[in-house]
Amino acid sequence: MDTKTYLQQIERLDRKIQNKFSEIAQLKTMATSITVAQKDVNVQTSSDKDRMGSAVAKIVDLEIETNEMICEYIQKRGMIIQQIDAISDTNMYHILFNRYVMMKDLGTIAVEIGYSFKQVCRIHGNALKEFEKMYGEVYLKCA
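In terms of UniProt numbering, the sequence shown has 78 at position 78, counting the first letter as 1, and numbering is strictly consecutive.
Treat the hints loosely; a few may be bogus.
What follows is a list of derived Cβ distance ranges for each label pair [claimed, not checked]:
#: 1; residue 1: Ile81; residue 2: Phe21; range: 39 to 49 Å
#: 2; residue 1: Met79; residue 2: Lys104; range: 15 to 25 Å
#: 3; residue 1: Lys141; residue 2: Phe117; range: 50 to 60 Å
#: 4; residue 1: Glu68; residue 2: Ala25; range: 16 to 26 Å
#: 5; residue 1: Cys71; residue 2: Met134; range: 24 to 34 Å
#: 6; residue 1: Val111; residue 2: Asp85; range: 22 to 32 Å
#: 7; residue 1: Lys58; residue 2: Met103; range: 47 to 57 Å
#: 8; residue 1: Met134; residue 2: Ala31; range: 41 to 51 Å
#: 9; residue 1: Lys133; residue 2: Gln8; range: 15 to 25 Å
#: 10; residue 1: Arg122; residue 2: Ser22; range: 34 to 44 Å
#: 11; residue 1: Asn19; residue 2: Lys133; range: 30 to 40 Å
#: 12; residue 1: Gln82; residue 2: Ser33; range: 21 to 31 Å
Under the rule of at most 30 Å between Cα atoms (straight-line distance), these lysine-lysine pairs were calculated in the BS3-like manner [claimed, not checked]:
#: 13; residue 1: Lys118; residue 2: Lys129
#: 14; residue 1: Lys104; residue 2: Lys76
#: 15; residue 1: Lys4; residue 2: Lys104
#: 16; residue 1: Lys76; residue 2: Lys141
#: 17; residue 1: Lys133; residue 2: Lys104
#: 18; residue 1: Lys129; residue 2: Lys4
#: 19; residue 1: Lys129; residue 2: Lys16
#: 20; residue 1: Lys28; residue 2: Lys16
#: 21; residue 1: Lys76; residue 2: Lys129
#: 22; residue 1: Lys129; residue 2: Lys104
#: 23; residue 1: Lys58; residue 2: Lys76
#: 24; residue 1: Lys20; residue 2: Lys4
#: 25; residue 1: Lys118; residue 2: Lys133
#: 26; residue 1: Lys104; residue 2: Lys16
#: 27; residue 1: Lys118; residue 2: Lys104
#: 28; residue 1: Lys58; residue 2: Lys20
#: 29; residue 1: Lys129; residue 2: Lys141
#: 30; residue 1: Lys58; residue 2: Lys28
#: 31; residue 1: Lys20; residue 2: Lys104
#: 32; residue 1: Lys20; residue 2: Lys76
#: 33; residue 1: Lys133; residue 2: Lys58
#: 34; residue 1: Lys118; residue 2: Lys4
#: 35; residue 1: Lys141; residue 2: Lys16
#: 36; residue 1: Lys4; residue 2: Lys16
#: 37; residue 1: Lys76; residue 2: Lys4
#: 38; residue 1: Lys104; residue 2: Lys58
Source of the hints: derived by calculation from the structure; they are not laboratory data.
The model shown is predicted, which means the values in this text are computed figures rather than measured ones.
Just so you know, even glycine gets a beta-carbon here, dropped at the ideal spot from N, CA and C.
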């Protein structure tokens with residue numbers, strides 16, 4: 001895992017969590033639209049006799065999975081913030097924090113701090129090298 005990939009874990013987990021929330025909301029909508037057939041009406045039955053129960057079980061499983069992902073997100077985010085906080089150069093710190101914690105693109109950061117995009121890219125590259133020097137042994141050995 002390279003430095004960018006390591007730092008992008010926050011954004012990736014955030015997106016995965018948001019996708020799980022969307023999936024749960026969709027399943028809840030589907031579950032509330034499941035109707036129960038009346039006994040005197042002859043209908044073809046599906047192989048799943050308790051569709052509502054199955055839907056609720058899937059929702060519960062997804063909620064548990066999402067909660068586990070949130071715990072992982074909080075832990076990784078805290079660790080990465082702590083590591084970025086240790087960067088002594090203010091510009092490097094500011095760019096890394098805004099790019100990987102606040103999830104802003106480099107163009108937005110350049111406008112906010114009044115630097116050219118090219119200058120922000122240069123500082124970002126140097127900041128990644130500095131971060132790797134300080135913490136590379138933690139994540140570079142991971143495949």
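| query | Can the restraint linking Lys4 and Lys16 be considered satisfied, given a maximum Cα separation of 30 Å? | reply | The given pair, whose Cα atoms are some 18 Å apart, holds under the 30 Å limit.
| said: I want to verify a distance hint. Is the separation of the beta carbons of Cys71 and Met134 within 24 to 34 Å? | reply: Given about 26 Å between the Cβ atoms, the range holds.
| query | Within a Cα-Cα threshold of 30 Å, do Lys28 and Lys16 meet the stated pairing? | reply | Holds - the C-alpha atoms of Lys16 and Lys28 are around 18 Å apart, at most 30 Å.
| task | Check the following: the C-beta atoms of Ile81 and Phe21 are separated by a distance inside 39 to 49 Å. | result | violated (23 Å)
| field | Lys133 and Asn19 - C-beta distance against the hinted 30 to 40 Å | value | holds (34 Å)
| query | Between Lys118 and Lys4, does the CA-CA distance stay at or below 30 Å? | reply | Holds. Lys118 to Lys4 sits at ~18 Å (cutoff 30 Å).
| said: Check whether the Cα positions of Lys76 and Lys4 lie no farther apart than 30 Å. | reply: Distance of about 14 Å is within 30 Å: holds.
| request: For the pair supplied as a hint, Lys118 and Lys133, confirm whether the alpha-carbon distance does not exceed 30 Å. | output: holds (23 Å)
| query | Within 50 to 60 Å or not, the Cβ separation of Lys141 and Phe117? | reply | Distance hint for Lys141, Phe117 is violated at roughly 33 Å.
| message | Next pair to validate is Lys4 with Lys104; report whether the Cα-Cα distance is within 30 Å. | response | holds (14 Å)
| field | Hinted pair Lys20 and Lys104, Cα distance within 30 Å | value | Answer holds: Lys20 to Lys104 is near 22 Å, not above 30 Å.
| task | Take a quick look at whether Lys133 and Lys58 sit within 30 Å of each other, Cα to Cα. | result | Roughly 44 Å between the alpha carbons, so the hint for Lys133 and Lys58 is violated.
Figure legend: structure checked against the earlier numbered hints; hints not met, in rising order: 1, 3, 7, 12, 33 and 38.
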